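Q: From just these sequences and the hints, can you work out the full model?
Same order as they appear, the protein sequences are chains A, B, C and D.
First residue of the first sequence? That's 1 in the UniProt record's numbering, and the numbers climb one at a time after it.
First residue of the second sequence? That's 1 in the UniProt record's numbering, and the numbers climb one at a time after it.
First residue of the third sequence? That's 1 in the UniProt record's numbering, and the numbers climb one at a time after it.
First residue of the fourth sequence? That's 1 in the UniProt record's numbering, and the numbers climb one at a time after it.
These are calculated hints, taken from the structure and not from any lab test.
It should be emphasised that the depicted structure is a prediction, and the values quoted were computed from it without experimental measurement.
For each residue, glycine too, the CB sits at the ideal point set by N, CA and C.
Some, not all, of what chain C presents toward chain B, calculated at C-beta under 8 angstroms:
no.: 1; residue: Arg14
no.: 2; residue: Val42
no.: 3; residue: Ile108
Here are the chains, one letter per residue:
4 protein chains.
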Amino acid sequence: MNDVTEQHTNHSSRGSMYWVIPDGYIPLISQGELESHDSICVLNCGTQSAELHITIFFEDREPLENIVQSVDGRRTKHIRTATLRSDRKYIPKGVPYAIVVESSVPIIVQYSRLDSTQAELALMSVMAHPIS
Amino acid sequence: MNDVTEQHTNHSSRGSMYWVIPDGYIPLISQGELESHDSICVLNCGTQSAELHITIFFEDREPLENIVQSVDGRRTKHIRTATLRSDRKYIPKGVPYAIVVESSVPIIVQYSRLDSTQAELALMSVMAHPIS
Amino acid sequence: MNDVTEQHTNHSSRGSMYWVIPDGYIPLISQGELESHDSICVLNCGTQSAELHITIFFEDREPLENIVQSVDGRRTKHIRTATLRSDRKYIPKGVPYAIVVESSVPIIVQYSRLDSTQAELALMSVMAHPIS
Amino acid sequence: MNDVTEQHTNHSSRGSMYWVIPDGYIPLISQGELESHDSICVLNCGTQSAELHITIFFEDREPLENIVQSVDGRRTKHIRTATLRSDRKYIPKGVPYAIVVESSVPIIVQYSRLDSTQAELALMSVMAHPIS
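A: See below:
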């Protein structure tokens, strides 16, 4: 969790500090070798550690707020949404949701889903929508 | 359909009020457990309810206009396009179309399609194109 | 090919006039009911017809230039790239290529591919990259 | 590797010089006819050759830096990430990573993955995120 030394300064902090993904969904079913899941993929190009505050929005209930994650400087982190916790609350499977990622430093965010509900996996991915 | 109370003010209204998706398509066929469909996924980060006016464009006929939907404040809504109605008109299956979503407040829009025409589902997703 | 009447003025011309898709590819093989193909999906929100000039770039040869297409006002057009012609030249299957779409009026462009090389289709889609 | 002659001047250099892809992954397994892989797809619209410097970021180790590639003017290049080398180091399979592409001239970058871990391929694609 340490930031890297200052000798690497060619990649400064880049991107946006607020990213949105409207279509989140953790499939109920998995078949075959790979488990259905979706992931928030973050790149922190800079040298400072990024503190993320993630909010999960639903269709019919109050948001899950203040989910905290960190991404070290000059590191990527591919975060399975099923692992996110706000107190002891987590994202239920089979429910449409949306994601907001706020970061303490500029980052870049992509969202990907693997669905193996019907055997033979399906993939989708989008760059999250940055708001400056 | 009530807006949330004013104690949650950290997420203000964000995004754009005009979003475009050129590649809409509801597959004719479904196989297996999951039905072929496409969805407009909306996130309304703010506290005010968003009134959406959706227009559907076709290749060979006049657009379907003034389809109305709403998304409560601090909620997401994943809208299956097959459920959209303009008077009693709806989007036919198996026909290429395009979508414009206009909103009364800033929102973020993503478009996703699940195609199970040939068993074993296929997924695709794009962030809609915002126009400010 | 006529523009629509002037009574519809709520959707003015929107988007960009120059769009880029770096990853074009027409799969060699199709299995099952659906043919492998890729498509350029265009929406013309305005009332004026859009004249498109499409350029196809390759890895190892000169581009195919001056491919002309048109999209009527208030219409979408989903154009299979396999149908594009520059004189009698066309895009070969199984070859990586890239696409530039230039338009006489602002439009919005999305690119999608259906690959049924191995039975059970795969889908991918991206919003093209606009350059203003 | 020669730039094209100056008679083609309608497509000037376009795009951005810094592109980011947070979700890179080379699947461990391939089944059927097509090999699992991911690709960085670059379009160089201009007449000058583009020199690319690619950095690969990981979750738990220092980045691979100074991977060099070039894309001739008026050409596209679809680069399989498994072929990238920094000295003799390469991207391991089955490990989450992220990509930064820096170019000497403006280009446009898309990222695509084909996953045939479970037979019947899956596809995903995103436009890389440009930073100006």
